[in-house]
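Undergrad: Sequence lines, in order, name chains A, B, C and D.
Residue 56 in the working numbering sits at position 55 of the first sequence, and the numbers go up by one each step.
Residue 19 in the working numbering sits at position 18 of the second sequence, and the numbers go up by one each step.
Residue 89 in the working numbering sits at position 88 of the third sequence, and the numbers go up by one each step.
Residue 160 in the working numbering sits at position 159 of the fourth sequence, and the numbers go up by one each step.
Hints listed in this document are in silico derivations from the structure and should not be mistaken for laboratory results.
You may find that some hints are simply not true.
Pairs of lysine-lysine residues, derived as DSS-like cross-links and limited to a Cα-Cα distance of at most 30 Å, are as follows [to be verified]:
hint : chain 1 : residue 1 : chain 2 : residue 2
1    : A       : Lys74     : A       : Lys98
2    : D       : Lys74     : D       : Lys195
3    : C       : Lys277    : A       : Lys195
4    : C       : Lys235    : B       : Lys98
5    : A       : Lys196    : A       : Lys235
6    : A       : Lys195    : A       : Lys277
7    : D       : Lys74     : A       : Lys277
8    : D       : Lys195    : C       : Lys98
9    : B       : Lys277    : B       : Lys235
10   : C       : Lys195    : A       : Lys277
11   : A       : Lys196    : C       : Lys98
12   : A       : Lys195    : C       : Lys24
13   : B       : Lys195    : A       : Lys98
14   : B       : Lys195    : A       : Lys195
15   : A       : Lys196    : C       : Lys235
16   : D       : Lys277    : B       : Lys195
17   : B       : Lys277    : D       : Lys277
18   : D       : Lys98     : D       : Lys74
19   : C       : Lys98     : A       : Lys98
20   : D       : Lys235    : B       : Lys277
21   : B       : Lys235    : D       : Lys277
22   : A       : Lys98     : D       : Lys195
23   : C       : Lys277    : C       : Lys195
24   : B       : Lys195    : A       : Lys196
25   : A       : Lys235    : A       : Lys277
26   : C       : Lys235    : A       : Lys277
27   : B       : Lys98     : C       : Lys24
28   : D       : Lys235    : D       : Lys277
29   : C       : Lys235    : C       : Lys195
30   : A       : Lys196    : B       : Lys74
Letter by letter, the chains look like this.
Protein chains: 4
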Amino acid sequence: MQEIGMVGLGRMGGAMARRLQRKGFQVVGFDQNPQAARAAELVAADTLEHLVSLLSPPRLVWLMLPAGEATEKTLEALAILLAPGDLLVDGGNAYYKDSQRRAAWLAERGLLFADVGVSGGVWGLEEGYGLMVGGPAEVASRLRPFLEALAPSPDSGWVHVGPVGAGHFAKMVHNGIEYGMMQALAEGLHLLQKKREFQIDLAALTQAWRHGTVIRSWLLDLVAQGLAEDPELKEIAPVVADSGEGRWTVQEAVELGVGVPVIAQALFSRFESQDKEGYDRRLLALMRRMFGGHAVERPA
Amino acid sequence: MQEIGMVGLGRMGGAMARRLQRKGFQVVGFDQNPQAARAAELVAADTLEHLVSLLSPPRLVWLMLPAGEATEKTLEALAILLAPGDLLVDGGNAYYKDSQRRAAWLAERGLLFADVGVSGGVWGLEEGYGLMVGGPAEVASRLRPFLEALAPSPDSGWVHVGPVGAGHFAKMVHNGIEYGMMQALAEGLHLLQKKREFQIDLAALTQAWRHGTVIRSWLLDLVAQGLAEDPELKEIAPVVADSGEGRWTVQEAVELGVGVPVIAQALFSRFESQDKEGYDRRLLALMRRMFGGHAVERPA
Amino acid sequence: MQEIGMVGLGRMGGAMARRLQRKGFQVVGFDQNPQAARAAELVAADTLEHLVSLLSPPRLVWLMLPAGEATEKTLEALAILLAPGDLLVDGGNAYYKDSQRRAAWLAERGLLFADVGVSGGVWGLEEGYGLMVGGPAEVASRLRPFLEALAPSPDSGWVHVGPVGAGHFAKMVHNGIEYGMMQALAEGLHLLQKKREFQIDLAALTQAWRHGTVIRSWLLDLVAQGLAEDPELKEIAPVVADSGEGRWTVQEAVELGVGVPVIAQALFSRFESQDKEGYDRRLLALMRRMFGGHAVERPA
Amino acid sequence: MQEIGMVGLGRMGGAMARRLQRKGFQVVGFDQNPQAARAAELVAADTLEHLVSLLSPPRLVWLMLPAGEATEKTLEALAILLAPGDLLVDGGNAYYKDSQRRAAWLAERGLLFADVGVSGGVWGLEEGYGLMVGGPAEVASRLRPFLEALAPSPDSGWVHVGPVGAGHFAKMVHNGIEYGMMQALAEGLHLLQKKREFQIDLAALTQAWRHGTVIRSWLLDLVAQGLAEDPELKEIAPVVADSGEGRWTVQEAVELGVGVPVIAQALFSRFESQDKEGYDRRLLALMRRMFGGHAVERPA
């Protein structure tokens with residue numbers, strides 16, 4: 002039976018650990034929050050040392066941690082504990098250049114590394130995850146049984162994208178596309194909602210759109226379900242968070258000289274939803290007053 | 002057995018007629034091109050008069066014609082031939098304000114009208130269509146058996162959106178969303194393609210994305226299939242046509258004061274792909290030369 | 002001495018009337034608000050009839066009224082009062098297709114018409130206006146003395162653009178460009194303001210930019226002056242109104258198939274600043290919660 | 002009399018050296034291309050060593066070199082040749098984070114540094130430059146006579162923006178605004194040009210717009226002049242280069258979470274003008290063929 006150590010047992014890591022267990026894998030888990038480890042119902046290690054000691058070499062340790070410092074520090078700690086030939090996988094949303102840097106640094110210590118972009122959110126436990134692997138071919142081969150178990154079916158939903166970095170790069174672009182698709186849906190539904198004279202039942206319409214149309218998609222499935230529960234979205238404020246991957250997609254596009262008007266607009270819409278101050282808009286109102294004598298609104 | 006007259010037996014109308022026949026409906030068809038009528042393998046009328054004479058009142062005549070003059074002229078001709086209580090359906094991509102105008106005009110002649118947005122393209126024959134109906138409730142009821150047969154299944158993929166015009170309005174917005182989603186996919190894949198160092202197999206990646214990811218969608222299914230056949234798209238020029246509905250979506254948004262940055266950008270990208278002259282870009286190059294002495298490229 | 006009747010003595014019309022008087026023209030004014038007429042310090046007519054009676058044929062009557070109903074009704078009223086050979090000028094911000102329609106309708110009554118786009122805002126009284134004339138060449142000739150007086154200098158700042166409609170068309174596009182320029186300035190200054198570590202004095206920077214830089218412009222002059230008075234814009238709410246011309250520019254571009262990404266974005270930014278409800282953003286937050294379990298903000 | 006060493010005597014540096022000479026400064030110049038040095042008509046050094054030897058301490062050496070390697074290497078070379086207390090100025094278009102790094106590194110060697118954004122292009126020799134200074138207050142004071150001479154007038158067109166990096170940051174944003182303004186002008190003129198029925202003389206219209214309008218600006222002055230010479234722009238290809246600063250502006254905005262829709266669109270329009278391959282557009286055409294059976298254009 003195959004063993005895996007899962008570090009980070011939150012919304013993503015916890016569910017992935019459970020899915021692997023259900024498929025018959027031996028999963029040892031660690032989370033700095035002991036509560037999370039208990040919730041995951043698996044062999045829980047108390048420390049990273051403990052986790053490593055519970056696995057037989059050559060080990061596989063899979064991280065599902067927030068990108069940035071949490072991932073960096075944990076990789077550093079594990080690098081000391083693991084032995085040459087062990088394999089570290091970062092399944093979080095790291096910046097692909099960080100993954101390239103980390104792979105090089107771990108290789109100097111004899112450790113293998115793969116970056117795996119994981120998509121699917123909270124539904125992955127039941128429906129399976131989409132997985133994009135970056136790393137050498139032999140590493141991808143070693144991961145294959147795990148990928149086949151995590152994916153919706155053994156032969157679909159996972160792919161070896163390319164060398165180290167390519168997995169997180171593909172996931173980054175996946176999320177950029179996601180931003181654009183989400184924004185397209187939101188704009189269209191906004192327009193329907195503002196067409197007051199038709200009093201369109203958006204829950205019914207999106208439900209119908211799920212079948213037979215060109216725009217049928219999983220995001221539409223979710224919207225239809227969400228609107229069925231609360232069509233007016235009264236309990237949700239018009240503020241949209243963003244994460245690193247949308248930003249990196251735009252920055253990478255700028256670096257490569259590739260136009261991404263839609264992905265960038267989707268990102269900027271989120272920025273604007275987060276900006277309470279609106280200095281840009283105050284400036285525009287100022288200009289209108291200056292040249293045309295147009296009245297400005299006063300702050301509330 | 003229920004009867005329907007189908008006018009316009011092209012890619013959409015021909016396939017819809019066949020699907021209805023397969024489901025047991027009596028379909029009488031007419032197309033100004035006799036070839037199309039023969040290809041559709043149904044009772045073919047030689048003229049609109051003939052078509053009307055083959056149907057028993059109260060009749061249902063469904064148009065699948067290009068929006069604009071073809072639809073307008075045919076409605077005018079049928080208005081003279083039909084009798085009070087007969088029902089005309091426009092399943093083409095008409096502008097919703099035209100549909101409202103036409104409904105009012107037909108009502109003066111005692112004729113009923115429904116506007117039905119139909120999505121699904123060339124796949125609808127086998128997979129069923131998405132249908133969005135505008136018109137009075139009793140008209141929608143009368144159409145129900147046909148909608149149930151055309152949709153992917155009797156209880157999914159069709160919806161009575163609202164009063165006359167609402168069906169084409171919903172279809173218009175559907176296509177606006179489609180523009181945005183398509184552009185998001187194209188931008189993301191463009192970025193992956195330009196990341197030369199990773200040499201990503203886009204056919205394999207999009208195939209994997211179809212399962213388990215957040216962006217899984219029918220458009221992605223089509224892209225994966227298309228790239229499997231020709232990953233470099235060597236036989237396709239970088240020119241993208243647009244149709245009325247993308248344009249109307251943006252114009253309606255402007256009229257209602259609703260921001261649609263992503264849908265508009267998707268439309269403008271198509272415009273730019275169609276513009277061989279590039280006067281805007283020549284002007285930009287001119288400005289750069291004027292203020293900075295920067296070299297300009299000469300036309301080929 | 003040359004005579005002109007000015008109808009509408011608000012911010013624009015009142016100042017234009019004064020400028021013409023200062024330059025020695027005989028101006029008869031009318032405003033439905035007697036207060037405005039008195040403020041303009043000119044020969045004030047009590048009614049349109051009175052205004053017409055005070056002018057000698059062939060008359061020139063220049064309207065500076067809000068586009069839409071006010072302009073339409075006043076043109077209709079004047080059409081009855083005026084005599085063949087009289088000339089009506091619409092200097093307001095009418096939609097160019099309305100101007101074309103009105104010109105045709107007035108021509109049937111033997112009346113001449115010109116559409117004149119007027120730019121310059123509240124500064125025009127002292128600095129002169131930019132004027133764009135649409136109409137036949139002989140009408141433009143007849144207007145020439147007035148254009149020379151209203152413009153910053155007799156030989157600059159006015160132009161006969163083309164046939165009827167071309168004046169308002171050019172003004173419409175002028176305003177579209179204005180939207181884009183304003184937004185570019187606002188975005189750049191927003192970015193500078195958000196770079197907290199540099200604590201940039203935006204009033205000083207924009208003042209310096211007014212001289213020698215590539216972006217020196219009248220809008221920048223106004224921004225520098227406005228920021229000198231109130232750099233934090235504390236008294237201005239982040240809400241930006243829009244007027245017909247920005248909207249028409251985008252709709253015309255869509256009709257002609259011309260990409261205007263920047264002008265459209267500038268318009269959409271204003272729409273978003275006006276939208277308190279944010280249904281699009283609520284939808285985006287909903288989607289994030291649905292697929293990723295991400296927390297949403299609650300409405301305040 | 003005040004001395005300055007100018008390194009890089011190209012379009013910008015050569016003209017700045019001449020302007021300083023005309024104002025009575027002692028300018029020693031160096032360019033790796035001896036031709037450029039001769040053209041600038043000043044005391045020309047044969048090498049950097051020679052240049053340094055011709056200046057009396059504390060020296061001022063001002064670089065006008067391409068950003069990136071040329072600037073980096075020259076700063077490294079000069080750091081060895083100069084003495085503590087000497088002042089290095091980078092007037093090129095460097096990335097502000099590079100300038101911050103370089104200042105720190107030069108400070109370790111006892112050398113002072115200022116980053117000065119210079120705007121004005123090829124017109125600066127006659128009209129003066131806009132200058133944005135980053136660095137300590139005492140360094141800015143030391144530069145003051147030079148700034149006063151380079152600017153359009155001693156008391157306008159230059160500003161001490163803030164600490165090291167702030168000068169290049171302000172110039173970067175200046176160029177971002179420039180991109181947006183240029184694009185706004187290009188879009189508007191494109192729309193006017195496509196309105197064939199009005200046959201608008203764009204040279205005459207832009208000439209008129211220069212006076213009295215809201216959009217009057219130096220860029221408009223240049224466009225009017227350029228169109229007067231060649232209204233159809235037949236000799237200019239529709240390809241627009243971009244430089245680092247537009248890209249950095251967008252990347253910085255993404256980093257700070259500031260929406261810059263217009264500046265980003267202006268940048269993407271340039272990218273698209275440079276992209277002969279159009280893989281994104283081929284993908285869009287593919288999708289349309291896949292779902293709708295729409296014909297695609299074949300490559301020429």
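Undergrad: Hint by hint, where does the structure go against what was stated? Just the numbers, ascending.
TA: Numbers 2, 4, 7, 12, 14, 15, 19, 22, 24 and 27 - these are the hints that the structure violates, sorted from lowest upward.
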